[in-house]
Amino acid sequence: MKFTLKVWRQKNAKSKGRFETYKIDNISPDTSFLEMLDILNNNLVHEGKEPVAFDHDCREGICGMCSLYINGRAHGPDDEITTCQLHMRKFKDGDTITIEPWRSAAFPVVKDLVVNRRAFDQILQAGGFISISGIVPDANAIPIRKEDADESMDASACIGCGACVATCKNGSAMLFVAARVSALERLPQGKIEAAKRAKSMVQKMDELGFGACSNTQACEAECPKGISIAHIARLNRLFIQAKLQD
Amino acid sequence: MAEIKLDSKIPSGPLAEKWTRHKAAIKVVSPANKRKMEIIVVGTGLGGASAAATLGELGYNVKIFCISDSPRRAHSIAAQGGINAAKNYQNDNDSVYRLFYDTIKGGDFRAREANVYRLAEVSNLIIDKCVAQGVPFAREYGGLLANRSFGGAQVSRTFYARGQTGQQLLLGAYASLNRQIAAGTVKSYNRREMLDLVLIDGKARGIIVRNLETGEIERYGAHAVVIATGGYGNTYFLSTNAMNSNGSALIQCYKKGACFANPCFVQIHPTCIPVHGKQQSKLTLMSESLRNDGKIWTPKKLEDVEKLRKKQIKPSQIPEEDRDYYLERRYPAFGNLVPRDVASRAAKERCDAGYGVNDTGLAVFLDFAEPIKRLGRKAIEERYGNLFQMYEKITDVNPYEEPMQIYPAIHYTMGGLWVDYNLMTTIPGLYAIGEANFSDHGGNRLGASALMQGLADGYYVLPNTIGDYLSADIQTPKTDVNHPAFEEAENRVKARIEKLFKIKGKQTVDELHKKLGNIMWEYVGMARNEKGLKKAIKLIDELTKEFWTDVLVPGKNGDFNQELEKALRLADFLEIGKLIALDALDRRESCGGHFREEMQTEEGEAKRDDANYMYVAAWEYRENQDPKLHKEPLNYEVVKVSTRNYKN
Chain A
1 MKFTLKVWRQ
11 KNAKSKGRFE
21 TYKIDNISPD
31 TSFLEMLDIL
41 NNNLVHEGKE
51 PVAFDHDCRE
61 GICGMCSLYI
71 NGRAHGPDDE
81 ITTCQLHMRK
91 FKDGDTITIE
101 PWRSAAFPVV
111 KDLVVNRRAF
121 DQILQAGGFI
131 SISGIVPDAN
141 AIPIRKEDAD
151 ESMDASACIG
161 CGACVATCKN
171 GSAMLFVAAR
181 VSALERLPQG
191 KIEAAKRAKS
201 MVQKMDELGF
211 GACSNTQACE
221 AECPKGISIA
231 HIARLNRLFI
241 QAKLQD
Chain B
1001 MAEIKLDSKI
1011 PSGPLAEKWT
1021 RHKAAIKVVS
1031 PANKRKMEII
1041 VVGTGLGGAS
1051 AAATLGELGY
1061 NVKIFCISDS
1071 PRRAHSIAAQ
1081 GGINAAKNYQ
1091 NDNDSVYRLF
1101 YDTIKGGDFR
1111 AREANVYRLA
1121 EVSNLIIDKC
1131 VAQGVPFARE
1141 YGGLLANRSF
1151 GGAQVSRTFY
1161 ARGQTGQQLL
1171 LGAYASLNRQ
1181 IAAGTVKSYN
1191 RREMLDLVLI
1201 DGKARGIIVR
1211 NLETGEIERY
1221 GAHAVVIATG
1231 GYGNTYFLST
1241 NAMNSNGSAL
1251 IQCYKKGACF
1261 ANPCFVQIHP
1271 TCIPVHGKQQ
1281 SKLTLMSESL
1291 RNDGKIWTPK
1301 KLEDVEKLRK
1311 KQIKPSQIPE
1321 EDRDYYLERR
1331 YPAFGNLVPR
1341 DVASRAAKER
1351 CDAGYGVNDT
1361 GLAVFLDFAE
1371 PIKRLGRKAI
1381 EERYGNLFQM
1391 YEKITDVNPY
1401 EEPMQIYPAI
1411 HYTMGGLWVD
1421 YNLMTTIPGL
1431 YAIGEANFSD
1441 HGGNRLGASA
1451 LMQGLADGYY
1461 VLPNTIGDYL
1471 SADIQTPKTD
1481 VNHPAFEEAE
1491 NRVKARIEKL
1501 FKIKGKQTVD
1511 ELHKKLGNIM
1521 WEYVGMARNE
1531 KGLKKAIKLI
1541 DELTKEFWTD
1551 VLVPGKNGDF
1561 NQELEKALRL
1571 ADFLEIGKLI
1581 ALDALDRRES
1591 CGGHFREEMQ
1601 TEEGEAKRDD
1611 ANYMYVAAWE
1621 YRENQDPKLH
1631 KEPLNYEVVK
1641 VSTRNYKN
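Read top to bottom, the protein sequences are chains A and B. Numbering-wise, the first sequence is residues 1 to 246 according to this note's numbering. Numbering-wise, the second sequence is residues 1001 to 1648 according to this note's numbering.
Everything labelled a hint here was simulated from the structure, so no lab data went into it. Predicted model only: the values in this text are computed from it and were never measured. Cβ atoms here follow ideal geometry from the backbone N, Cα and C, with glycine treated the same way. Careful: at least some of the hints might be erroneous.
[Stated by the list, open to error] Computed spacing ranges between beta-carbons, pair by pair:
no., chain 1, residue 1, chain 2, residue 2, range
1, B, L1629, A, L208, 20 to 26 Å
2, B, G1361, A, K6, 50 to 56 Å
3, A, P143, B, G1376, 23 to 29 Å
4, A, T96, B, E1381, 36 to 42 Å
[Claimed, not checked] Computed from the model, here is a short list of chain A residues facing chain B with C-beta under 8 Å:
no., residue
5, I130
6, S131
7, A139
8, Q189
9, A195
Input sequences plus hints: build the corresponding full structure.
See the structure below:
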């Protein structure tokens, strides 16, 4: 297969970026999207040009490192996948493919397609944990309803990639925050700090320049792990509860 | 440098009491003094994150480093199947002793008894801790924790969170880490790669890192350094490791005097998605948990193989009587749940005999038709849904309808830095934990034991043992990074980087890395022999020269430069590759993941040589000559050493 690639190139956070166009040929349909970029980079190095910087690591859809905006969609033209799980068979021979970084005020570009998502770590540092240490009770001491554990697991499947933020027209991180808050709140051991956690994480999110949620549900549609916006409703309830306690 | 003498420091006393007695005997550091001590942890996977969080909770000052943009990206996140513990919640006669014994036996009697017993002992605490952190383990309808079985075990002792257990455990450790970062006890340095270890008066006192965003070289000092950077599987280019996983920290420590133990013990995982073409960048694991229900087979008739390859028939059309469930045939007692090394070799044997089921001839089937019929599709979906989805995304084949195709691939490295019972390397003040050390898995690691070991080391072992070392250091002031040792190390790193840029050769890093991978897989892979290993050593020497004269690294330093990152790592992989081959050549026995073709039974089973090779091979670096081999003899006081038998 052959493709025309329009790739966002940007030297660093301070400089202005632009699209560069590259042609690529002899790509097998079974090649993954990131392998296609590996091939492009190998060609660029041979041509004496600077390769395209992009984030990637596990290449099996779990580390959350890859973060490309392809043809106007976070992680490209398929549902419930990360960029590394996208294969060239999803495109037509001869297609022009536009590749951009996540675009959000809270995720400044480091270089080309690489962004800085440290804000996500900072939100979790504001309360995305259960405050325990040392020796704790036996694991089976508190039975937990299977449905609650399953729901917690659904929310905890978030890989922290940031597709929700990149997709949201307001650049909101509500789905990310809600997933963590909900994952912990569904379990008895996480309920103790639930309201306080919701409040401090939302405050941190606002402080870091993420936008507000206007309920367009775009985040859910593009989440590679299919995390439901129902968690946002739970977050809102907890947030109000915390406010009332103030 | 002082003469290296391996002292495993295994405590005296009965096996079951060693750890308790040791903890009582070692020194502790008071809370007031902990506040004055600094510890560097390199790596944020299960080992690094759990260690840093726990050390922070204890009151130490911790600096933690990772190469990714966030600690949560570490490759532990990709572990799928589960974590073992000796809880015996199923009342199926499991115990600390049984977990210990299975691990020793699974490791083909090449691990230390005392270390493995301690691992089994603390395994139960890990599950308690993870539940308290909010890890959403699978549960039964009554609200209690669920278990499943893994290879090499006849009990159900594996705890899991769907097919994402590593992710959930890492998120738990990362949450504890975040709590300490917020509390100010841990400082996190992201997108930093360790490029050298700094010794002052023979003790580990700091590291040199490259800031991957800016290209700057930075210095960090501490009272002790903990290496938690995982294994070196990417030496083989194609592996199930993440793209950025590398062995550079291990090699830097090795070159500074830390012995590298059992490098040839590399685990080849039997159930990975087969290689599809030359453009492939990595291999994807299909969790071992699939072998709980999935049945592995190849056709009995070569004519069916031909038809499959030509796509004239579908696998589901081959009748039951024409299928060879070769694991169930060869190993009736364990069937599809034999340990990984055994299952991998059996797949290779079938494919070498011409029964490989795809066009490359390097694939066997993992079939769910029978369990789907028995349990219903919904039950299978509940257990393995995300794995089936992942398989379909990659291969475009629906595994609910047709069997998966699988083949062995490099997955884990049992070898690593040599450590004593306290997890300290041969360099005072330098510790290695998790996959980065060698200590617990012998010649072969059992499924669901990597997560157990990473967390055992990080939550329960290292935080205790490091206190014993640091207690002698409470008067030592903070390490001064202006010390000449830092200057010297930094200059060496800078010179190495400059040298790489100056070569301006004709081959890219990936092209050279693929060459190394081919040599390793061909001669140092699933089956090894003397002639092949000698050839591999010669080829790696030649390739190393080629690398240092013909590599093409674009750009300049002082910038985000992923090609430079890869070049620095490949330079180290070349050294590890040779070390693996040297060790494999020395070990003229078949043992665990290391199979020497000269040493096999008539039935093709591995033949160990306990009389000559019951030792840990610890290699000491020497400049411009082959490394020196030190042997740590393994003494089995409790377990009766026997030939592994998974047949009856």
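Now the hints, each set against the structure:
no.: 1; hint: B:L1629 / A:L208: 20 to 26 Å; in the structure: violated, 54 Å
no.: 2; hint: B:G1361 / A:K6: 50 to 56 Å; in the structure: violated, 40 Å
no.: 3; hint: A:P143 / B:G1376: 23 to 29 Å; in the structure: holds, 26 Å
no.: 4; hint: A:T96 / B:E1381: 36 to 42 Å; in the structure: holds, 38 Å
no.: 5; hint: I130; in the structure: holds, 5 Å
no.: 6; hint: S131; in the structure: holds, 6 Å
no.: 7; hint: A139; in the structure: holds, 4 Å
no.: 8; hint: Q189; in the structure: holds, 6 Å
no.: 9; hint: A195; in the structure: violated, 16 Å
Violation of the numbered hints given earlier is confined to hints 1, 2 and 9; the remaining hints are satisfied by the structure.
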